[in-house]
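Trainee: With these hints in hand, go ahead and build the complete structure from the sequences.
Position one of the sequence shown corresponds to residue 1 (UniProt numbering), numbered consecutively onward.
Hints were generated in silico from the structure; no laboratory data involved.
Quick list of simulated restraints, FRET-style, between CB atoms:
1) Lys107 x Gln212: 54 to 64 Å
2) Tyr100 x Gln227: 54 to 64 Å
3) Pro40 x Lys337: 39 to 49 Å
4) Arg223 x Arg115: 54 to 64 Å
5) Arg148 x Gln366: 39 to 49 Å
6) Glu232 x Gln66: 50 to 60 Å
7) Arg118 x Ser291: 42 to 52 Å
8) Gly229 x Arg148: 38 to 48 Å
9) Arg370 x Glu121: 45 to 55 Å
10) Lys332 x Gly158: 43 to 53 Å
11) Ala338 x Arg287: 20 to 30 Å
12) Ala116 x Gln212: 50 to 60 Å
13) Ala116 x Lys332: 49 to 59 Å
Don't be surprised by glycine CBs; every beta carbon is placed ideally from N, CA and C.
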Amino acid sequence: SIATMPQSADDIIDPFGTTCIVVDNTAHTLLQYYLRTVHPSVWHVLCADSNGSASIFKDRAVSVLQGALSETYTMYCLLACMNVHMRYLDGCESGKDNEYFIVKAVKASHDYMRRAERISERMIFNIFQLGFAEWYRNNEHAALVHFRATTNMTYSIGGLKALARPLADLLVLGDGYIAGELGTLPIFSHTEFARQDDSDSVVGAYVLDIHQTMLSGSVTVARGLLQHGKKELVPRNLELMIMDLAVVVSVMNAADAGETPQDLADSALHWIYHRILVIRHQLLEVRFEDSRAESIRLAIILWILQCSTRAGRIRSTKIIAPQVRKSLQDTKESTWKAHNDVRLWILIIGATSARTGSGDHAWFLQRILRS
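Mentor: Below, the structure written as structure tokens:
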């Protein structure tokens with residue numbers, strides 16, 4: 001574990017000089033921030049390793065920190081991302097300007113590339129961290145350069161399925177954030193990371209049970225979008241995604257209530273996380289000519305971000321909300337006449353997602369009051 005903070009902020013936390021940089025007050029704060037805030041916010045608690053056994057997510061975080069403490073390249077990329085993350089997502093200051101760590105990270109990256117013999121997962125992880133440091137501080141061009149490099153490296157070694165599962169999930173998560181915020185198609189297809197063994201997994205039989213129960217009509221999740229009267233509003237492919245999401249939410253509710261069998265609890269948690277990644281990507285990959293269906297698609301993406309991701313809730317939802325407003329504005333209100341309940345739900349999602357006090361927020365509230 002990382003040493004306890006000394007009484008003096010001027011004291012370093014590496015008395016034997018064994019770390020790759022001086023771990024001062026700022027570095028220590030950012031490393032703790034990664035360990036205690038950022039990593040846990042990627043909320044799947046368990047990841048299956050190559051042997052199929054489970055390891056607690058904290059062990060993964062500690063292994064990242066150990067790598068950072070032993071290598072300047074990893075350390076500065078991680079510190080750069082955490083410094084920006086802390087400032088722009090949590091509104092806290094670490095004591096260092098954003099440029100301080102980013103400049104050091106870019107230099108360390110160039111030095112490492114010159115001597116690297118092959119592409120490694122560590123290299124992909126570091127460039128991804130540096131890309132998100134630029135993304136969070138709204139330096140879109142620099143961020144996309146890093147993300148393209150990450151993508152090219154990933155495909156050059158065999159694609160997402162060649163990466164360790166936690167790293168592949170991280171890249172997909174980031175890809176979804178970017179596609180959602182820019183309103184573009186994601187780089188990775190959901191078929192590249194959707195697991196083929198979901199139906200044969202430990203939780204597969206339990207999920208199938210819930211799916212059958214839902215089809216019988218005794219589950220209320222998403223009923224407002226799946227009932228027969230909404231078929232002209234919800235295209236078939238969108239309906240299938242909503243059904244898939246309803247199953248995931250049902251499993252999540254059962255897990256939260258302690259209703260899943262004990263031997264399924266851990267597997268269910270990771271299954272939920274992964275299925276949400278897949279469904280969100282499917283929603284990002286499609287577009288609908290009917291602006292009503294498009295509004296529903298965007299609202300579901302917002303709902304997923306609100307419920308499942310911390311960074312998405314703090315940042316992405318505020319950027320995507322105006323897209324929902326535009327989609328609603330492109331639709332004649334009269335076409336919602338038989339579906340005012342769905343329109344009201346979309347407006348509520350938009351209002352809870354938009355930046356408080358913004359023009360978009362006011363627009364959603366006004367329409368809600370008129371509904």
